[in-house]
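Protein chains: 2
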Amino acid sequence: EIREAIAAMIGGGPLAGRHVVVTSGPTHEPIDPVRYIANRSSGAQGTALAQALVELGAEVTFVTGPAAAPLPDHVRLVQVETAREMADAVQAALPADVAIFAAAVADWHVEGARNQKIKKTPDGAMPALEFAENPDILATVSKLSDGRPSLVIGFAAETEKVVEHATAKRARKGCDWILANDVSDATGIMGGSDNAVTLISDAGAEAWPRMSKKDVARRLAQKIVDAFADETRPKG
Amino acid sequence: EIREAIAAMIGGGPLAGRHVVVTSGPTHEPIDPVRYIANRSSGAQGTALAQALVELGAEVTFVTGPAAAPLPDHVRLVQVETAREMADAVQAALPADVAIFAAAVADWHVEGARNQKIKKTPDGAMPALEFAENPDILATVSKLSDGRPSLVIGFAAETEKVVEHATAKRARKGCDWILANDVSDATGIMGGSDNAVTLISDAGAEAWPRMSKKDVARRLAQKIVDAFADETRPKG
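The listed protein sequences derive, respectively, from chains P and F.
Heads up: the first sequence begins at 5 in our numbering, then just goes up one per residue.
Heads up: the second sequence begins at 5 in our numbering, then just goes up one per residue.
Looking at chain P on its own, in the form it has when it is part of the complex:
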């Protein structure tokens, strides 16, 4: 890894000259100054991906929500809190050769989040929260007519019918690859160090064995290297 890090710094590696945007971590959507809606993403898979890409020479812009996992080194770091901030940061980071959306982005935010702490009322009722949809970062970037990255990769954290849901998601969003995983409680994947993913692409669904998040990252990074090699290889 040291050799690769040095190679990356002096400009070597199969991804040298490639700019990759990686999103990572959860987003936090404020309800009021002290409360927010969060999700269980630790950011560990995103950090591992950024690290693997840097080791192969890529220039990585790492757009991260408030993650518990350590942040990667040698990246351009952009720290955000909400999905809307993440969408803006991704937009600002383009153009890129590859975009990998590993963050667990909230689908909704609380409309009109309060400036003051919500107090309990005498009857104990919770003030109604109104939700508004967040920007769909994966679909937006996948469907860019101008400046779309060559390779757009999404993640699908599912708790049931993993391949079916992820395949539908890939078609709906218009991305190239989806890494789908099962985050049911029983798997221990959310917040754990292992991951068990299925790569969904034009070629169908490829189930990878359960392995560390670092190994998932290395394998995906290698797939990206291969994809660019195929692209530049003379036909026939």
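To be clear, the hints were calculated from the coordinates, so they are not data collected in a lab.
Don't take every hint at face value.
No copy labels: a pair is met if it fits in one copy or bridges any two.
Straight-line C-alpha distance at most 20 Å; calculated EDC-like pairs for lysine to aspartate or glutamate [said to hold, decoys possible]:
no.: 1; residue 1: LYS124; residue 2: ASP140
no.: 2; residue 1: LYS123; residue 2: GLU164
no.: 3; residue 1: LYS121; residue 2: GLU168
no.: 4; residue 1: LYS123; residue 2: GLU134
no.: 5; residue 1: LYS124; residue 2: GLU134
Put chain F on the given structure of chain P with help from the hints.
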């Protein structure tokens, strides 16, 4: 501190023989397997309190939500996630001489939290969330007719009219003391290392200067020592 820790271990210190229950950290209220409602408590003030009490010889049961701050040493540790779990853990930890409720407990939980991840609908609408009130741990313990701790101390994290709200909270809950603080964004207290509190008691409101959370903890621990000394001192 080493001297005090050793004194505590061999049973010395002014709080030797006293059992103190301290709650700390945020609670997380699940929405579905991947989403939850959280709050910005780091648990730093609770950890500092537990540490200060241990140093004075107290036996501390530390009931904590998923906190970012390091956990205290030499305590009986009980880790919980939701407000309902915290209420049960506090109940199980009694009897105690003192109860200090420093956790930022969610007032509500999501009724009927989903077992499967909530999916976006084609129209982007968020499924309605129904909220139910959480048990009020501070009020419940303050109003125990049997086995109430001699000293029940609450916290009030406010964003406006701090003393007014906290004084009303003290009366409503029936606790002995309230440590009130202003957690508006501008103060930087939520998640920071300093705190600026006002102690509300029968004697009125006593504003403490802004100091580290460790110093707030030491000062409160000393107040507790003094309260027990007054109690046992012969009248007149």
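Check your understanding: Taking each numbered hint in turn, which are not upheld by the structure, reported in ascending numerical order?
Key -> Checked against the structure, no hint fails, so every one of them is satisfied.
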